[in-house]
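Starting from the known structure of chain A, arrange chains B and C on it as the hints suggest.
Residue numbers (our numbering), protein chains in the order written: chain A, 1 to 373; chain B, 374 to 594; chain C, 595 to 732.
Think of the hints as simulated: they come from the structure by calculation, not from any bench. Certain hints may be false.
[As the list claims (entries may be wrong)] Going by beta-carbon spacing under 8 Å, a handful of chain A positions derived as facing chain C:
#, residue
1, L179
2, N208
3, K337
4, Y341
[Stated by the list, open to error] Partner residues aside, some chain A positions facing chain B, computed with beta carbon under 10 Å:
#, residue
5, T183
6, S216
7, D229
8, D237
9, E340
10, I354
Predicted model, so just to flag it, every value in this text is computed and none were measured. Each residue gets a CB set at the ideal place from its N, CA and C atoms; glycine is no exception.
Listed below are the residues making up each chain.
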Amino acid sequence: MHARNRAVTCVLSVAVFSSLAEGQARPAIPPSEANFFISTPAGWVHPKTPWGEPDLQGIWPLNFAGVTPLQRCYARQRFPGADPERVAACDPHKEFLTEEEFKALQANAAKAPDRFAAAAQQGEAGRAFLAGIVDPMTPLRQTSLIFDPPDGKLPEMTPEGKRLASLMKSTWALPAEKLVFDTHLDFDLWDRCITRGLPVSMFPFRYNNGVQIVQSPGQVVIFLEMIHDARIVPVNDNAPISPNIKQWMGISRGHWERNTLVVETTNFRAGSSQTNTAVIASPPGNRFPTSEQLKLTEKFTRINDQFLIYEIKTEDPVVLTHSWTARFPLKVDPDYKLLEYGCQEDNRVVGDWISVSRAERSGKAVTPPTPRQ
Amino acid sequence: MTTAYWDIEDHSAQSGPVVQLGAIGAIPAGSGVTEGGSIPYKPDALARKKENFANRLKLDPEVKCYMPGVPRATYMPYPFQIVQSPNDVLISYAYDSAARVIFVSKHHEAELDTWMGTSNGKWEGDTFVVDVTGFNGRPWLDRAGNFATDTLHVVERYSLLDTNTLNYEATIEDPAVFTRPWKIGFPLYRHREKNARLLEFKCVEFAEELVYGDVDKKPDR
Amino acid sequence: MARKPGFMAAAIGVLISALPLPAHHAFTAEFDVNRPVKLRGIVVKVDFVNPHSWIYVDVRNADGTISQWMVEGGSPNALVRRGFTKNSLPKGTEVIFEGYQAKDGSNRANGRDVTFPDGKKLFLGSSGPGEGPPDTKK
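Excised from the complex, chain A in its bound form (with noise of 0.2 Å):
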């Protein structure tokens, strides 16, 4: 019995000292665009779980990369102030910007008035309440999230992706469309307060972007605030998964390699946008399809106590002519408030868009349906 003890004791020991000696024994590693200028400190080690995974628990609210357009040099005649001759020289190729650029363009975003703090200094609740409805933002140093293709644009579609995206529905429009809305199908599936399906639920949007990572072995749960989901992410189990169950979030298997978790999504029902608007320089209207055949790959690779660095590849190759991938760091928050979305339980949109989509095509004023409880 002491002699197992021993034995015991001295393997915990070997393993704590090597794994010290391995913090110890590396150096820091400098910020660099391969990094996102984020650096890892000397001697640093990953943090593990109490059964030995690395650690990666923890609230990463995706606004952190809320102001960083999803495409590089993508010109919209809608933005006011954008010169297309200045949009137009822009570098496709320039993936990060340089020092003093960002230290400009931080300059620039701390003096964005902060309207709602302003009114509630002055007393003014009202305003606060009208204003106060957007997650806080910090500019990143990358040019924009997508690094593949190395344009830094999304792919285009195929022609069966064009003739899918022409048949889809939204209460965000294409330009100088017409919205006209008859049923609850001539909405989407956001809209709709179904989803926001994938890849979309793992962009920024302008609030609720608690993103919660809970990890028990064998299991990592990624957990998202908006509508309510947690993706389930069995770690290292290779059981079989039936390709006749299709789901708005797929199905996920995730394995490690090394420190970086590696997510694999499959098992999609077709039919939500792989964009939405409210990622800057997306495509307008949320018309962007997704087909069966979706496929993403996500990497989390922590690189200190604050940072990760998250990398998402989308493929579907009946809607796409090339894959996409987006990479971008994520701060942890612990004082961030995960609170309930609950969606459809108050969800106005349909009724009241379809009730005054009648008016608007009828001349006269419709009774508004009757609210629901």
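For chains B and C alone, coordinates are given in the frame of chain A:
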């Protein structure tokens, strides 16, 4: 397996609210999960429960795939998964993808009134005790119209009876509705199918024809 | 072509600051720019629900009757994170709200401004434990 999702009190077999479903939509008999047999309603609350029952197709939030609340989520006829980490415990319910985080290492006050409430958990020996407050008063307790208001307070107790069976108890308290706190209790059985996975039941989509039926334009024939 | 230093920052700066970070929807789709409203009334309740919160206001009409209006706000989650609580705009508060009426003519308006009559102020207060002044920057 209980029939508590139909009715948490003792009930005989009876036809269900949708005649067209025949036996599929009928309600089997069940010993209720309520300790003492009946819920201690105040008189006007009991009247409201009866009204709920009489109008359950219109009023039961489950019909429209609204979030189930606590404790109803625990005895819905759909599975759920408990993911236990050192700091928090997450429960994901297949029904409506409802989910809740139970704060363990750092407790939180309820900041908003919600469907699933705000849950704070702690261990008492081998029993996980969860205190739930901050309800919005809108979920029901079952399909029979049993209900509570926004002063509902639930204390749940989870403990293992054996490796594959949990004992679940919940103490329910709402001074606006009940004359005293009361309890429900029943076992929960672990799913032991090979390759068991929690699958999606985003039922909002399946309630749309019902919810929007009177608003949707009918197709021209 | 020589590019001035700081060009990209300026371009992106312009794109970011010029962007009217969209609210949930473009309001002109639902509300009518030709139907501005500015009404005074008493807050009956504030519904802290998603996807939109609503302030219900009882407005006394010229003929003495009362009309109830609903004024649209944003998601309550972001508000709560900034320190706005369900008690910050209490029932019974007199307000003046401005906005545009819904295109179907119902008593629904998007909230462009909500103020208090006669120069009154209402601070958010703190109803949660340890709730300090809202954090303006993360």
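Worksheet entry | Evaluation of the interface hint that places A/S216 against chain B, nearest CB under 10 Å | Result: holds, 5 Å to nearest chain B Cβ.
Practice prompt. May I ask you to test the interface hint for A/Y341 with respect to chain C, counting a Cβ-Cβ separation under 8 Å as satisfied?
Written response: Holds - the Cβ of A/Y341 comes within 8 Å of chain C, reaching about 5 Å at its closest.
Worksheet item: Holds or violated: A/D237 as interface residue toward chain B, Cβ cutoff 10 Å?
Response: holds (8 Å)
Fill in: Cut-off 8 Å, beta-carbon criterion: hint that A/L179 touches chain C
Where the cut-off is 8 Å and the nearest Cβ of chain C is about 7 Å from A/L179, the hint holds.
Worksheet entry | Interface restraint verdict for A/K337 against chain C (beta-carbon cut-off 8 Å) | holds (5 Å)
Worksheet item: Under the criterion of a CB-CB separation shorter than 10 Å, is A/E340 in contact with chain B as hinted?
Response: holds (4 Å)
Worksheet item: Holds or violated: is the Cβ of A/N208 closer than 8 Å to a Cβ in chain C?
Response: Holds, about 5 Å.
Worksheet entry | A/I354 as an interface hint toward chain B, with CB separation required under 10 Å | holds (5 Å)
Discussion item. Interface hint check: A/T183, Cβ to nearest Cβ on chain B, cutoff 10 Å. Holds or violated?
Written reply: holds (4 Å)
Worksheet item: Holds or violated: is the Cβ of A/D229 closer than 10 Å to a Cβ in chain B?
Response: holds (5 Å)
The structure meets every hint from the earlier list without exception.
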